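J.: With positions in the sequence shown counted from 1, the corresponding number in the working numbering is that position plus 413.
If you are wondering where the hints come from, they were derived from the structure by calculation, not from laboratory data. Fair warning: this is a prediction, and the values are worked out from it, not measured in the lab. One or more hints might be untrue.
Unchecked claim - Straight line, CA to CA, 27 angstroms or less: simulated BS3-like cross-link-like pairs of lysine-lysine:
no., residue 1, residue 2
1, Lys-614, Lys-582
2, Lys-481, Lys-524
3, Lys-481, Lys-582
4, Lys-481, Lys-614
5, Lys-481, Lys-612
6, Lys-612, Lys-582
Stated by the list, open to error - Restraint ranges, calculated between C-beta atoms of paired labels, are given here:
no., residue 1, residue 2, range
7, Ser-427, Asp-627, 21 to 27 angstroms
8, Pro-618, Asp-576, 21 to 27 angstroms
9, Val-591, Asp-627, 24 to 30 angstroms
10, Glu-711, Asp-578, 28 to 34 angstroms
11, Arg-640, Pro-461, 22 to 28 angstroms
Built from N, CA and C at the ideal position, the CB exists for glycine as well.
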Amino acid sequence: MTGPATSTPHVSESNPVPDLPLQHLPGFTHRWVDADGVRVHAVEGGRPSGPAVVLLAGFPQTWWAWRKVMPSLTHRFHVIAIDLPGQGHSERPQRSYDTHAVAAHVHTAVKALGVSSYSLAAHDIGAWVAFSLALNFESHLRGVALLDAGIPGITLPEAIPTDPDRAWKTWHFAFHIVPDLPETLLAGREREYVSWFLKAKALSPDTFHDAELDHYAAAVAVDGGLRASLAYYRDAAESAHKNREALKRRHLTVPVLGISSSHGSVPDMAASISPWADNTTRIVVPDAGHFIPDEQPEAVATAIADFIADGD
């Protein structure tokens, strides 16, 4: 069930990251929600009375990663794209970024928008958060679609491979958790760093235009964005611990859709999740690298829409 976002006093237009220019998508509205002391940015559109789908992006992106998918969902669904705490136009708090803590903020934000039951679609670090959210708030979820992500404590390898054919996809996990050094090396070079990820991990290096590279780099550079981006990796061990502890008590029963790609990081998301989830299905999107929503938005929109329809 969904309701009008204006029904709650916790929704405002108070932007906590004013130095980052807003990206606008026709038919969608920017909102900021007080989610247990963290102002979370949400971009909302579609059918208010339709089934709700919440979209989460990963590193080094923002909600804008879903901009090509969102319009295709508006005819049937209540669409909410959220910037995670520390991401995009959400507040960058000095607190834990373990995925269970972040998931609680996301769920509170969704509730403040008048949504009590929803589906999740999440990519990369967004999928980390979505998995932990499902462990804690499964009764509110209709389904969870996870796109090309190694989940801490679940599918993320404990060791970083040194084989050159694979190491370039995962080397940054070790680099990001080193105290202080990444900030020293990356400050003032955020665009070069972000551009490497987006160009190297997409199947086509021309997937992202200069304006998109500028936006994502600015989001990482401004108002503590780099610190917050690194914090997800630095708190990944705590995320892994909490995931494993939760899974000792029960497995996921909510339907899970694993969306992989022909040239992504995780060849079979569904297979990697299936030991901990009772109901998994698999889709492999052709002609795409890691950034599947950017590279094949129509295929992703169709997969999400069909998944939600099957659940209903």
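J.: Now, for every hint given, state plainly whether the structure supports it.
T.: Status of each hint after checking the structure:
Distance hint between Lys-614 and Lys-582 is fulfilled; the C-alpha atoms sit about 7 angstroms from each other, no more than 27 angstroms. This hinted pair checks out: Lys-481 and Lys-524 have alpha carbons roughly 25 angstroms apart, not beyond 27 angstroms. Our distance criterion of 27 angstroms between C-alpha atoms is met by Lys-481 and Lys-582, whose separation comes to about 24 angstroms. Pair hint Lys-481 plus Lys-614 holds up; C-alpha atoms about 18 angstroms apart against a cutoff of 27 angstroms.
Simply put, Lys-481 and Lys-612 have alpha-carbon atoms about 18 angstroms apart, close enough for the 27 angstroms limit, and the pair holds. Pair hint Lys-612 plus Lys-582 holds up; C-alpha atoms about 12 angstroms apart against a cutoff of 27 angstroms. Roughly 25 angstroms separates the CB atoms of Ser-427 and Asp-627, a value that falls within the hinted 21 to 27 angstroms. Roughly 22 angstroms separates the CB atoms of Pro-618 and Asp-576, a value that falls within the hinted 21 to 27 angstroms.
The given range of 24 to 30 angstroms is respected by Val-591 and Asp-627, whose C-beta atoms sit roughly 27 angstroms from each other. Distance hint for Glu-711 and Asp-578: a CB-CB separation of about 30 angstroms, consistent with the stated range 28 to 34 angstroms. Remark: the range hint 22 to 28 angstroms for Arg-640 to Pro-461 is contradicted by a beta-carbon distance near 36 angstroms.
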